[in-house]
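**Q** Take the given structure of chain A and dock chain B to it, following the hints.
Just so you know, the sequences run in chain order A and B.
If you're matching positions, the first sequence starts at 1152 in my numbering and goes up one per residue.
If you're matching positions, the second sequence starts at 1152 in my numbering and goes up one per residue.
I should point out that these hints are in silico values taken from the structure, not numbers from a laboratory.
Do not take every clue at face value.
[Claimed, not checked] Dumping the calculated DSSO-like pairs for lysine-lysine here, alpha-carbon to alpha-carbon at most 30 angstroms:
(1) B:K1199 x A:K1198
(2) A:K1245 x B:K1198
(3) A:K1198 x B:K1224
(4) A:K1217 x B:K1199
(5) B:K1179 x A:K1224
(6) A:K1199 x A:K1314
(7) A:K1198 x A:K1224
(8) A:K1217 x B:K1295
(9) B:K1217 x A:K1198
(10) A:K1198 x B:K1256
(11) B:K1198 x B:K1256
(12) B:K1336 x B:K1245
(13) B:K1212 x A:K1245
(14) B:K1179 x B:K1250
(15) A:K1217 x B:K1336
(16) A:K1198 x B:K1179
(17) A:K1212 x B:K1295
(18) A:K1306 x A:K1179
(19) B:K1199 x A:K1179
(20) A:K1295 x A:K1199
(21) B:K1199 x A:K1199
(22) A:K1217 x B:K1256
(23) B:K1199 x A:K1295
(24) A:K1199 x B:K1179
(25) A:K1198 x B:K1198
(26) A:K1224 x B:K1198
(27) A:K1256 x B:K1212
(28) B:K1179 x A:K1217
(29) A:K1295 x B:K1198
(30) B:K1295 x B:K1198
(31) B:K1224 x A:K1217
(32) A:K1245 x A:K1179
(33) A:K1256 x A:K1199
(34) B:K1199 x A:K1224
Residues per chain, in single letters:
2 protein chains.
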Amino acid sequence: MVNYPNGKKYTSTKILTEAGGRGMELEKEINLTNTFYLSNDIAVIHKKPTPVTIVNVDYPKRSAAKITEAYFKLPSTTDYNGIYRGKYIDFEAKECQSKTSFPLKSIHEHQLRHLEQVMRHGAAAFLIIRFCYYEETYLVDAGKILSFTREEERKSIPYGWFKTNGILIPGSYVKPVDYLKIVDKLYFSE
Amino acid sequence: MVNYPNGKKYTSTKILTEAGGRGMELEKEINLTNTFYLSNDIAVIHKKPTPVTIVNVDYPKRSAAKITEAYFKLPSTTDYNGIYRGKYIDFEAKECQSKTSFPLKSIHEHQLRHLEQVMRHGAAAFLIIRFCYYEETYLVDAGKILSFTREEERKSIPYGWFKTNGILIPGSYVKPVDYLKIVDKLYFSE
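Next comes chain A alone, as it looks inside the complex (with noise of 0.2 angstroms):
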């Protein structure tokens, strides 16, 4: 750790896609699963960049342009989308560090109306929770967490709610977060 003159505190962090690496184990685990049903033609589903405000670039000669200046901006979609059986797919994945609630602040209120206009216009929209304490993985219909949101004060959901209105994710070695079983069972069981 190095200071500025000033006596500032000056940090510097490694990081790979996500603010402080945080929630990084599903991530990682849906991807996996993702370039399984890819390379298997069973699904095109990805996840989105990490959107950014890009202020300031270099372009040293001779190699590659160099972000030198740029800040996370919030995100105003959720991380995953594509298709699968001709079905428009959409996304956002929690990982859940409580082992008694999820709190709400983790998904943002953009997110939340991004997943209800996709709704509205025929997706399936949902959500994925882990809890890590218990190590189970929940697929969530996104129009049961905005009934939640909508009908309860609360600024979190119960884990007991998810084990109601949640379907557990089966995982496999590679498939980790073998969500598309569930999508089949909700979505396409008519």
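**A** Positioned in the frame of chain A, the structure of chain B alone reads:
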């Protein structure tokens, strides 16, 4: 312009979202059109963030995290996707400065493969190409572009080909590139 002490040229440029800011006019107009579609609840189609590899981030106290080193990544998908009338929509948009032909190198191999994949799963997949000289913007079905790349040896698509195989996109003040009008004709007219 300031040179490094070793005489190496140094350039630094303000950019918005794309390296060098080229092709921004079409992008801006499509974004405006998408905003119109969204606020009138016609479709939910967004531009994906520019993919960057983040190498270093500073976390100054009491201000936003600042990315101090990052690089542009080759996109593995197209720039735009979303949902319209229940259908998954996927496209790439490019400006073309040449009067005579559209150079195929402006679309990455990855992007063509991506368009092929989503087509196979039932997407409306296409390209929006603007010939700046003629102030004409064409929508071309991805299947036609893919056939061209398979059947022809050429490294560019002649302007005349677009007149036959593409459809001219109309525009207005609030919808500068009203491409969903063409999507209606091409993908919903049975």
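**Q** State for each hint whether it applies.
**A** Each hint tested on the structure:
| no. | hint | in the structure |
| --- | --- | --- |
| 1 | B:K1199 x A:K1198 | holds, 10 angstroms |
| 2 | A:K1245 x B:K1198 | holds, 23 angstroms |
| 3 | A:K1198 x B:K1224 | holds, 14 angstroms |
| 4 | A:K1217 x B:K1199 | holds, 20 angstroms |
| 5 | B:K1179 x A:K1224 | holds, 18 angstroms |
| 6 | A:K1199 x A:K1314 | holds, 29 angstroms |
| 7 | A:K1198 x A:K1224 | holds, 16 angstroms |
| 8 | A:K1217 x B:K1295 | violated, 36 angstroms |
| 9 | B:K1217 x A:K1198 | holds, 22 angstroms |
| 10 | A:K1198 x B:K1256 | holds, 25 angstroms |
| 11 | B:K1198 x B:K1256 | holds, 21 angstroms |
| 12 | B:K1336 x B:K1245 | holds, 22 angstroms |
| 13 | B:K1212 x A:K1245 | holds, 26 angstroms |
| 14 | B:K1179 x B:K1250 | holds, 22 angstroms |
| 15 | A:K1217 x B:K1336 | violated, 43 angstroms |
| 16 | A:K1198 x B:K1179 | holds, 23 angstroms |
| 17 | A:K1212 x B:K1295 | violated, 38 angstroms |
| 18 | A:K1306 x A:K1179 | holds, 28 angstroms |
| 19 | B:K1199 x A:K1179 | holds, 20 angstroms |
| 20 | A:K1295 x A:K1199 | holds, 24 angstroms |
| 21 | B:K1199 x A:K1199 | holds, 6 angstroms |
| 22 | A:K1217 x B:K1256 | holds, 23 angstroms |
| 23 | B:K1199 x A:K1295 | holds, 27 angstroms |
| 24 | A:K1199 x B:K1179 | holds, 20 angstroms |
| 25 | A:K1198 x B:K1198 | holds, 13 angstroms |
| 26 | A:K1224 x B:K1198 | holds, 14 angstroms |
| 27 | A:K1256 x B:K1212 | holds, 22 angstroms |
| 28 | B:K1179 x A:K1217 | holds, 24 angstroms |
| 29 | A:K1295 x B:K1198 | holds, 27 angstroms |
| 30 | B:K1295 x B:K1198 | holds, 23 angstroms |
| 31 | B:K1224 x A:K1217 | holds, 11 angstroms |
| 32 | A:K1245 x A:K1179 | holds, 12 angstroms |
| 33 | A:K1256 x A:K1199 | holds, 21 angstroms |
| 34 | B:K1199 x A:K1224 | holds, 13 angstroms |
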